[in-house]
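Those sequence lines, one after another, are chains A, B and C.
Here the first sequence stands for residues 1 to 283, where the numbers follow our numbering.
Here the second sequence stands for residues 1001 to 1706, where the numbers follow our numbering.
Here the third sequence stands for residues 2001 to 2315, where the numbers follow our numbering.
It is worth saying that the hints were derived from the structure and are not from the lab.
One or more hints might be untrue.
[Unchecked claim] Calculated cross-link-like contacts (lysine-lysine; reagent style PhoX-like; alpha-carbon spacing at most 20 Å): (1) LYS1610(B) with LYS1696(B); (2) LYS1113(B) with LYS1127(B); (3) LYS1093(B) with LYS1047(B); (4) LYS1057(B) with LYS1093(B); (5) LYS1441(B) with LYS1479(B); (6) LYS1292(B) with LYS1378(B); (7) LYS112(A) with LYS1436(B); (8) LYS1134(B) with LYS2210(C); (9) LYS1127(B) with LYS2210(C).
[Unchecked claim] Residues from chain A shown here face chain B by an in silico Cβ test under 8 Å; the list is partial: (10) GLU176; (11) PHE179; (12) ALA180; (13) GLU182; (14) ARG184; (15) GLY185; (16) PHE189; (17) ALA193; (18) ASP273; (19) ASP277.
Using N, Cα and C, we set each Cβ at its ideal position, and we do this for glycine too.
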Amino acid sequence: MSERKFPPSVTKSHYLFIQNPALVIGSSILAFIILVSLVGPVISRHATTEQHILKRLQGPSLTYLFGTDQYGRDLLSRTLLGGRTSLILGLGAVALGLVLGIPIGLITGYFKGRTDEIVMRFMDILLSFPSLLMALLIITALGASLSHAILAIGIANCPGIARIVRSATLSVRNEEFVFAAEARGESHFYIMASEIFPNILPPTIIEGTIRIGFAMLIGASLSFLGLGVQPPHADWGLMIRDSREYLFLSPWPLICPGIALAVTIIGFNLFGDGLRDMVGGSE
Amino acid sequence: MVCATWSGGANDGGQLFAFQESVGGTVNSTLLEIRNLSVHFESRRGKVQALRDLSLKIGPEETLGIAGESGSGKSTLAYAIMRYLSANGRITKGEILFMGESLLDKDQNELRKIRGNRIAMVYQDPKSSLNPSKRIGHQIAEVFQIHQSFSRKEAWDRALGLLSLVNIPDPAFHAEKYPHQLSGGMQQRVVIAMALSCGPNLLIMDEPTTGLDVTTQARIIELIGDLKRRAKASILYITHDLSVIAQVSDRVGILYAGELVEVGVAEQVFHSPIHPYTVGLLAALPRIEVEKQFKPIRGKLPDLTNIPSNCIFSPRCDHGDETCTNQSAQLQEVEEDHFVKCLRSKEAFTSQASEAQSLPFRKGNPSGQPMLVTDHLKKYYSETNYIGKWLGFPIPEVKAVDDVSFHIRQGEVFALVGESGCGKTTLGRVITRLLKPTAGKVSFYKRRPSGQEIFGTDEFRRSVQIVFQHPDSSLNPMKKIGTIIERPLKLLGFSRPERSKNARELLELVKLDPAYLERYPKHLSGGEKQRVAIARAFASDPEFIVFDEPVSALDVSIQASIITLLMELRASRDLSFLFISHDLSLVRHIADRIGVMYLGKLCELGPVGKIFQHPYHPYTRALLSSIPVPDPSISREAIRLEGSVPSPRNPPLGCCFHTRCPDKLGQICEETSSPLILVDEDHWVACHISLEELQKATISGRIEIK
Amino acid sequence: MAPYILNRVLSIFFVLIAVSFIIFFATHILPGSAASLILGEHATKESLRTLEHEMGLDKPFYVQYLNWVKGIVSGHWGDSLVMKQPVVSIIKLRVKNSAFLAVFSLATLVLIGIPLGTLAALRQKGKLGLAIMTGSYIGISIPEFVTGILLVLLFAGPWTHLLPTGGYREFSQGISAWLKHLILPSATLTLILLAHVVRQTRSGVIEVLKSNYVRTARLKGANESRVILRHTLRNGLLPTITVLAMDLGYLMGSIVIVEEVFAYPGMGRLIIYAITNRDIPLLEMAVLIIAAIYTVSNFIADMLYMYLDPRIRYR
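For reference, chain A alone in the conformation it holds in the complex:
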């Protein structure tokens, strides 16, 4: 047998940027944000609840790098803390959506038939509510809080994820190695878990990553409406809500969380798109 050279699977690092800028920029943003959100509030110089009424609504200065809000609290530390909450919200909601959506998509895509029809009809029904409305409906039913917000957004994401997983499952299901497994008499569970699942994971993860950004967006929207995270939690949506009252006196309580939110969402979107390009290219 002649010697075969196997193609290298990793591109040289300086080509990576040119070929996939989205991935690089996105992951850098994310790494920065995550690091800062975790570590930041711990090392910040001012406690987030310290109020200095006399120093309220100031712009950025050396003591208060981002300025202060209407209670004189340091905006920098509040923004960092808000980041934590928003990240938990986004990640938690998408994780829930995946935990619910993946089994549904796998099972309906694998078995098809009656179950598929019924379950997907139900998913379609859920999808006939715009995401925000769905979340609002669930909040109405349960009441407003951080955990309910995670639950609501997770459930709102579930049908969309189930659809994606289902269509990926449908295409993998017709691959010949699945038929080979059936011919061996493998159990349904084995085929779904061991043959199909590893192959649907890449598109599902990519979808999930992109959804994190949108989950954060909806989460912040809920908080903005007063129907999500409740005070005294710090959350970007809440901060923006509070900033309205004194908007014309100082724009900083709006700008800081606003930019932070936008940059984080952009980061997740870029990262997800970059992942998608990378996986798509190597096929």
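For this one, chain A is given, so just place chains B and C on it according to the hints.
Relative to chain A, chains B and C alone:
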């Protein structure tokens, strides 16, 4: 240059294309000349050297066939001439001269005047090459609108004329249709019509019949031959199928890994090939007219990002010597108009090729005992539309397998053949219990110990295995080869060390290096992946294996090695095979008995020798007559089948074949379908035609078995 | 094809029924009945029970549901608990107001979004394409309320005073005033959706540009404008119909936020108001109306797609 005018009415049989001499230039004796062309593609892995130093010439009204396997660069050649390489393709060297002018010097505007006008192209996949939202009449008429200033009505009329030129019945009706409403064969005719609109000097055809059924292919080839004469165009015909090339080409060029290794008059190249690759390719081809063991070419395609400086074929060459590992060759004229790129071309090692093993394959060893029996087997599919059903709308049923009864004997190789949509794959899956039959029964009698009928049991699953068609799809890309092979062993209850040992042995059985156990499928070639699939099938030590088109997706040179392997395994373990294929030439060499399927039914069933020598059923006769032979000196007339295969959703009543049967008797064929009738020893036919008539019928250009 | 259409129509019917059930369920699951809202915190148990009985709130769940459905069908949509008016008239007014925003938005999407997306696809490698893509990237990542408040800051703030900060003026009170109150909310609503449409249109057109039939057209000798106009657009823009239908759904979500930011009296604001005040009858109908509009518009989009795609229309 002026576009040729199209004179004469539709189908007048006379001069259809009045060619105009090109204005301001002479038509010299070479229409297209390529000199030292090199093309590479930029990719992540490096530069893929798709074509290297390629030179060839096409004269006026000449058909040059370019044959090459995958990776040979043949499509690249076509698109390089059209100057339509993908964004990462570059022409790095050489010259392309068309009618004396360099194509490489032209800008986009000038190129546009040539495309579709002087040089036109026909593509591999007609379905995706036609705009799905435009009626086909418009798509053809458009060519006139682009290159000439015809009014819409005039352009449309000419389009109709072209449709009848390519033998599409009722042009006015079909011109209003959308591409998806036409069959594959008709779609390709439309593409050909588009290409011929302005009477081009050069037609480039890139695998025009790959993906079409054999019977459809035969008609398209016939059409091309006919049009060739009338349109006075030169054709560059690109394909991997050597038989087709032999039938259509005046001259032939053989492409290997981006280099032209042999080129010359078709008869010479096929009858006295000189380059070892050509020799090997022809030896690897299963021939329908000669029974012999076909020899594979060892080794694999080279990595095009890493071209050696010596002869590119030498790693796989049986006739190489030291010079071959040190230098590379140039194209040299060996006989008149016969060029070869080989350092040792002057030596006569062709003699070794002509000692073509006249030994047939060691086929099956049928003992007569039935092993697998199907009894009135049916598999119907219906679309799920619950609400529609509830409301009483008729739901169409697809009759994939429609009342099939036959049996396969111990030690036998049984081939199930038919064109696409005939149900052979579905039948294979019902037999292996991947699908449940709608009606009817399957029985399987285990050989050892003896005789019990075990269909459906666990024992059955061990004794009956299946190997699939697509190497890329039969192995889970996320699992290592070792894991894939060990899984069935695990199910059988072997312990870990036993599994490991057995897995190695299985890989050795299929002649793969045990190191492959650690690799992932994406690192293996197509042929290697198929070997792994075979190894996996042998894990449970089966007695009966179903092969569903196992080599159709592989190159010819690799096919031969897989087939050889399979036949050796069959002989050493005395197994029985069900071999499903559309490739009759292949099947001729390895099968003991054949069943021919059409639209879910068996039309003919019998020993392979009898069926090939004297097929009875009109469909079998048409099928066999459509198979091209890789010998330019033999030209055969295919029995023409009108129309296209009916949709299995709506099969005709009565005999399934009557809508296209050239020997249709009449009403009886429309009303009742014939059961299988015994016409000769062990030879059955499902036809209403009387035995005497069937015996008299011949296929023209009948294949004489040497 | 006919059974397919019928299938879809019946589907909508079932979907709407299921949707109404879900809404009813969600709104009635929490304790705190409508009666206590009306009578206030200090109502006696007895008066509560009497009122509940009058309002039919002590009947089993499914009976209440059926009564509600009967009411919808017969046009009696109940009365708002807090606003003390029939729900019908409130919704009618609000739907009209929101419709203005929606129509403005959709018009912009179609007239600007689709051409921009096509342009981005055609100039994929150039600076213009890159600029459009970057812009749309940012557009989809910034939440509506951030954009909205920023716009207020910029255009209605103490420095510019160009436009009002919110609210609404009837058409009858003057076109200029009416328009002025519409501009900022429409712009906010449109920005994020525009980004989405641009991206989707771009990828649809790029897909088509890569296809084999575009290759055929080019190799026939067609010049670029012919390739684009006659071959690419028709096929590339077909998926845009689906995208627009999806966007309508997203729009309905966004409109809630935008109306809140600008205190615009539309359906979105109504819903928030109903949720915070637990005005169940109002909330039920408002959400139902929106879900119904979304479902029906998806259906229309499907039918349109079916009509325009020859592969589906002519079997």
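Indices of hints not satisfied (ascending):
Of the numbered hints, 2, 5, 6, 16, 17, 18, 19 do not hold.
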